[in-house]
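Undergrad: Put the complex together from the two separate chains, hints included.
Chains as they are written, first to last, in the numbering used here: chain A, 1 to 111; chain B, 1 to 115.
Bear in mind the hints are in silico, worked out from the structure with no lab data behind them. A few of these clues could be false.
Heads up, simulated PhoX-like pairs for lysine-lysine below, C-alpha to C-alpha not over 25 Å straight-line [to be verified]:
#	chain 1	residue 1	chain 2	residue 2
1	B	Lys44	A	Lys68
2	A	Lys52	B	Lys44
3	A	Lys68	A	Lys52
Calculated Cβ distances over 12 Å to all of chain B for the following chain A residues [said to hold, decoys possible]:
#	residue
4	Thr12
5	Leu13
6	Leu19
7	Thr20
8	Asn22
9	Glu42
10	Lys49
11	Phe62
12	Glu76
13	Lys77
14	Gly78
15	Ser79
16	Val82
17	Ser106
Here a beta-carbon is modelled for each residue, glycine too, at the ideal position from N, C-alpha and C.
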Amino acid sequence: GDSVTQMEGPVTLSEEAFLTINCTYTATGYPSLFWYVQYPGEGLQLLLKATKADDKGSNKGFEATYRKETTSFHLEKGSVQVSDSAVYFCALMNTGNQFYFGTGTSLTVIP
Amino acid sequence: EAGVAQSPRYKIIEKRQSVAFWCNPISGHATLYWYQQILGQGPKLLIQFQNNGVVDDSQLPKDRFSAERLKGVDSTLKIQPAKLEDSAVYLCASSSSGRPTDTQYFGPGTRLTVL
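Looking at chain B on its own, in the form it has when it is part of the complex (with noise of 0.2 Å):
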């Protein structure tokens, strides 16, 4: 089985420009997460998607940062424009259906360095 695909793997920019990441979840798994990781610090959840359906973005700053799982399968994070406070690790992850008995699967993350 195929676990969670992110890309790119490491991304630099310079402050004020716009980036994206995608993933792509294991597949027939409705919920996905994603996460930022600043060095030194535990991931911190930005957005959970059951399919295409946005169950929690409490944490997701909106002014800058949005999220779409259009079809319910693969998903885009954007970061537009970036700051130096952004530079973090982007971790995607997903699970069968967002049940504390289900397993969440993470992928490999995107570096991101904010110049």
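Isolated chain A, as found in the complex (with noise of 0.2 Å):
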């Protein structure tokens, strides 16, 4: 079935170092792949996404690039802040409209 593989967490970075955590995906055809934010105390939110393939993604200084050819949508920020500590969720929306999100990865920027 569809599926979407996330590394694992938690991941600690300094403040202003560069981010990347690594999303790959299993489905048919063309799905849409996003990315969801979980900061402290609150709900999920949408960060970013893409419709199709070679489409970035970017909100907030974070990037993510639909690669068909690697089925990856890395999420990328080149230099992270303290605000930026969450849990960050890839997740696939495949042809048929289901949704499916990845486990998770936690990340803590210390200053």
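TA: Written out as structure tokens, the structure is:
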């Protein structure tokens, strides 16, 4: 079946470090891909998305590119801040409009 | 614009008891989702409604879980009887039409503890 695999956490970085959180997916056809974020004490919210191959989603300095050839949608940010500390979830919506989430990666940014 | 509302926020029950959760989506949103998020895991879709019809309930344990959205607005998810492994956060989300280009908006969740 369709699924999303993301890198295990937790991840701890110093402020201004470069961030990569890996995400790969299994799905037939061309799913839509998403990154959601859950800040401490808050609900899930959409961070960025890409709905077709080679699209780049971006928001709040985060970017992810939909790579069909490697079935990947890695999340990157050039310089993280303490306020980026959260749990990040990669997700896909398949061609049947069914949603699948990864297990989440916890990020802690220390000053 | 008001967000997705859920109640209760917390619920503690004994195993074999029944429990119900309520969700009110964002006004005008046709698509409503219920997810189960077990501690340390990502959300798992239980059921998806388009207006008052079920689009997908393939991962809903139908022997004990049921959900309805009778008037195409708010929705209720019920567990009867509850098991220990049902302890989780139950998330409700809505989107305007369920297309990939639509954003899903999540409620704060109901944290269920089954003792």
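Undergrad: All hints, please: hold or fail.
TA: Hint check results:
For the hint linking lysine 44 of chain B to lysine 68 of chain A, the alpha-carbon distance of about 24 Å falls within 25 Å, and the restraint holds. Of the supplied pair hints, the one linking lysine 52 of chain A and lysine 44 of chain B holds, its CA atoms being roughly 23 Å apart against a limit of 25 Å. For the proposed pair lysine 68 of chain A and lysine 52 of chain A, the alpha carbon gap of about 9 Å is at most 25 Å, so the pair holds. Distance to chain B confirms threonine 12 of chain A as a non-interface residue, since its nearest Cβ pair spans about 17 Å, more than 12 Å.
Every CB of chain B is more than 12 Å from the CB of leucine 13 of chain A (nearest about 21 Å), matching its label as outside the interface. At roughly 19 Å, the least C-beta separation between leucine 19 of chain A and chain B is larger than 12 Å, which holds for a residue marked as non-interface. Remark: the non-interface label on threonine 20 of chain A is consistent with the geometry, its nearest Cβ contact in chain B lying 19 Å away (cut-off 12 Å). Interface exclusion of asparagine 22 of chain A from chain B stands, the closest Cβ pair being 15 Å apart, more than 12 Å.
Its beta-carbon lying about 8 Å from the closest one in chain B, glutamate 42 of chain A breaks the requirement of being farther than 12 Å from that chain. Separation of lysine 49 of chain A from chain B is inadequate, the least Cβ-Cβ distance of about 8 Å not exceeding the 12 Å criterion. At the 12 Å boundary, the C-beta of phenylalanine 62 of chain A stays outside the reach of chain B, the nearest C-beta of that chain being 16 Å off. The beta carbon of glutamate 76 of chain A sits about 20 Å from the closest Cβ of chain B, which is more than 12 Å, so the claim that it is off the interface holds.
Residue-level check passed: lysine 77 of chain A sits 20 Å from the nearest beta carbon of chain B, beyond 12 Å. Against chain B, the non-interface label of glycine 78 of chain A holds: every CB pair exceeds 12 Å, the least being about 25 Å. Listed as a non-interface residue, serine 79 of chain A keeps its Cβ farther than 12 Å from every Cβ of chain B; the least gap is roughly 26 Å. The non-interface label for valine 82 of chain A is consistent with chain B: the shortest C-beta to C-beta separation is roughly 23 Å, beyond 12 Å.
A cut-off of 12 Å between C-beta atoms contradicts the statement that serine 106 of chain A is not in contact with chain B; the least separation is 10 Å.
This entry does not satisfy hints 9, 10, 17, going by the numbered hints stated previously.
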